[in-house]
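**Q** In case you want the letters, here they are:
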Amino acid sequence: MKRPRRDLVWIPTFALLVAFAVPWPLWGVDRVVAGLPVWIWWHVAWLGLCAVLFSRFARSGAWERGMGLRGGTGEDRSGGAAAGGDRP
Amino acid sequence: MTLGLSLGIIVGYLVLALLVGLVAYRVSETTAEDYYLASRSIGTVVLLFTTFATLLSAFTFFGGPNLAFAAGPEWLIVMGTLDGVLFAVLWYAIGYKQWLIGNRNGYVTLGEMLGDRFGSTGLRALVAGVSLLWLFPYVMLQQMGAGEALVGLTDGVVPYWGGAALITAFMILYVVLAGMRGVAWTDTIQGLFMLSVVWIAAVWVVSAVGGVGAATGAMLEARPDFGSFGGGTYSVGFIVSTAITIAFGVTMFPQINQRFFVAKSGETLKRSFALWPVLVLLLFVPAFMLGAWAAGMPVDVPEGANVLPVVLNEYTPAWFAALVIAGAMAAMMSSSDSMLLSGSSYFTRDLYRPVVNADASAEREAWVARIGVAAFALLAFAASLFRPGTLIEVGSTAFSGFALLALPVVCALYWERTTRTGMIAGVLVPQLAYLAVVLSAVAGFVPTLPRTVFGGWDVALGLMALSAALTVGVSLLTAPTAEGDASRFAVAGD
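As they're listed, the protein sequences go chains A and B. In terms of full-length UniProt numbering, the first sequence is residues 1 to 88. In terms of full-length UniProt numbering, the second sequence is residues 1 to 494.
Chain B extracted, bound-state conformation:
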């Protein structure tokens, strides 16, 4: 009976989230044309939470606690540093600069901005293509997370593919029914809900095991190595390269990068910037500590399940556990939708229109986007069935892929001498190299290239350095093209 109750709560919550999105869309009365302009009016709270929504993914709710459970609570330090501090600094250095430039020239996507600056449709399409490529594993990650969550919650009665299929169906429904608009305020509601629920869950579980001290004591008894900082998985190389690649990667995520263009005012970006470290900490401390504490709890985590649902099932009533999982899945669904929607604007604005069909009607473009999103989500679902790695591994792959875009973009933003050829070399070569590394792990017929070297240093970090060296080096060797216009990126003076 509890199984029926749990599933009822999950499906019910997902339907409710869908209805909220639908109502929000109907109420907003925006037309296809002014979607982007309407978005330019996003205020502090909503901006903060739509950005925050990216954190509300399977990577945080399930991958993070799983890693803390297996390897220790240091994951809190890695994520807090990269997201709370390094990302905030990049928020200013990349985000604010992009906002200033976008505001002057009316850009909506990263590819559009770079394509216009360097007078190159090729660069525009390349940036969009690369972004869509790495969005794929991140959407797949949500499906994997949902599949594993339901295995954990129902003790394996609902198979992995069932959970993954459920969230895929809702993702597509959400996009098709709620239309081609990411409704930012549903992200805000979901964000506030999840933040509260994670804290309630933590307090509930901790009081059930006798307090924070007892939870930590039991954890240290089971895993004495969890108490000391560093060691095991957490080598210096792992901490530094994970923090850098993910933080830079996040800035190049389509839905995050697009948020840099849509803030109402610079004040909005400023306020969000200062609140960011606190918000990040509020989410990560309970989520990851629950995972780490679980190491000392008498719980049995089935193979291929997530630790958080198992812990909740053990220490909280079935309805509450189901509610947390439902909330997490709904949050994952709405953030995947922001990703899919931003991805679809990359696809239609930077690939379909400039390269395939310049004269497409707005209606045709909207349909191309819808079908594209459905196909993308279904392909990601198919790939998720193969479970090519843990949640953290798949997520890190996506983040690293995006991170390789970041330094060429920084060059373009701050160094007038950057040339089109420099940009193309700086983006293309590291991407091809990284793709070779990633695919060699998936394809059985080629030797697997190492992902990390010298004890935990991610090769993506080396490739980031290569991307900067190529952008700068090739720019110095080539002359700016006549179509390029560095003044497009000027922000001061008129």
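Just chain A, same shape as in the assembly:
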């Protein structure tokens, strides 16, 4: 099963999500916002973003296509394709 080219966008997306879970741009910054150092808020927000994007990845069918399986809910599949993640 060929994967659509837009699935490849997930690779740099994941790389970015991992890389910037560490608040590198705030290196050395010591501002306190709402009771906590601002870089802790960056991290909390970033992990929230990760959860949202991870769930999109899992639901878009890219999860299955990434392993060479039929996409579960991708638009390019016209019906019939059960969730590919279940027992093959």
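Derived DEER-like restraints, expressed as beta-carbon distance ranges:
| id | chain 1 | residue 1 | chain 2 | residue 2 | range |
| --- | --- | --- | --- | --- | --- |
| 1 | A | Leu49 | B | Ala465 | 26 to 32 Å |
| 2 | B | Asp359 | A | Val44 | 54 to 60 Å |
| 3 | A | Leu49 | B | Gly455 | 29 to 35 Å |
| 4 | A | Arg31 | B | Val278 | 21 to 27 Å |
| 5 | A | Val44 | B | Leu449 | 36 to 42 Å |
Within a straight-line C-alpha distance of at most 20 Å, the following computed SDA-like cross-link-like pairs (lysine to any residue) qualify:
| id | chain 1 | residue 1 | chain 2 | residue 2 |
| --- | --- | --- | --- | --- |
| 6 | B | Lys97 | B | Arg417 |
| 7 | B | Lys97 | A | Gly66 |
| 8 | B | Lys97 | A | Ile11 |
Over the 12 Å line for every Cβ pair with chain A, so calculated as not near, a few chain B residues:
| id | residue |
| --- | --- |
| 9 | Gly119 |
| 10 | Val176 |
| 11 | Val197 |
| 12 | Glu363 |
| 13 | Ala374 |
| 14 | Val446 |
| 15 | Val453 |
None of these hints come from the bench; they were simulated from the model. Where a beta carbon is used, it is the ideal one built from N, C-alpha and C, also for glycine.
Fit chain B to the known structure of chain A by using the hints.
**A** Just chain B now, kept in the frame of chain A:
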């Protein structure tokens, strides 16, 4: 009197946890043969929490707050990144792939999967042996954590060895009485309990010191360097290499790696994947911030004690402090048991049966596993008495040891050209090198090899690169053996 109360609560809770495990085991009515098959039906919540249970260890409850107390709250960033994000990505790349392969071919352990793919009992035994080797310091870590926790809670009245012995006794009892099954739902109950209790503790302590802003203010007054991101212990090298080695290491932990085979469906893995960063954050924020805030509190942390019990003792009633410590110890006990049980399946399936006694009866195998677990836990207890490092140091050593397995496994999963010789070279050489580094620190008669280079970069990271280079390089130089079968790892088409 409060001392008696605290100890009563701790022992009582541990006994209760033991009884719950026992009842769960009796109710589940599984026989030795269908243990693994029964496990293949694990659903989302239970999968999520049994995996989560690995986080519920002394490394998180005691080691993490201790490091945040000593060096600053950046530990939250390191652990959140590696566990919440990088591990989640590996969960997909390694875990889901292993689930697909295991589901087709009925594998139960990592060694079994690799041994079958490459037609090599030697590789199977090597992977199992390496896994058991690094499981040892991680079990030892739980004993060290328990020992230090009781020192902190009782102001040193209960000696370090007493706490370590207590948890060892319960670990062995749990395995022998509750049988050779990790009962995943006790992990779930413990996980939910600890998650709630850590938040209650955080709210209690924070309101006692006048709110989050006041706690942070006091922390910054005592340790102005805690406010700015990075610096001190937290060099770029430390952050990057700790995050990478631990995240890759976690995927190769026997009880985690085995979970990749046992999910009921791919949907289960998917749902757990998306929930993971949130769950991780929920545990780490209160636990590590309490440790960091303690730097600004008027508490006196005795030498060799954990900071969290000391803080709880100061700001919460004795019964609550004891309950948190008891809960933490019980969670550590049940996660050590999952580790010991997975370890014992590695031992019997991948070492004892294929190498020592192929015709052993199921009953004999079960006994070998039980005795093996007891001996393993006792040896780890003996080693824990020497306290070879801080909780974080011992834990990182174990994680790094497992991490060295990860890249050869990724090669095997994704690159058909990988050969048996490539795998053996890629696993064996970095392990020997890392073992030399670790043992040189323990043995007095040889010069200690450096663990970190260039300001905080862990040598294990270099050895991970070496493991990948050797696997790929040697595979290219050698021909696939006739016994190997790359199609075993195919997941699409029939």
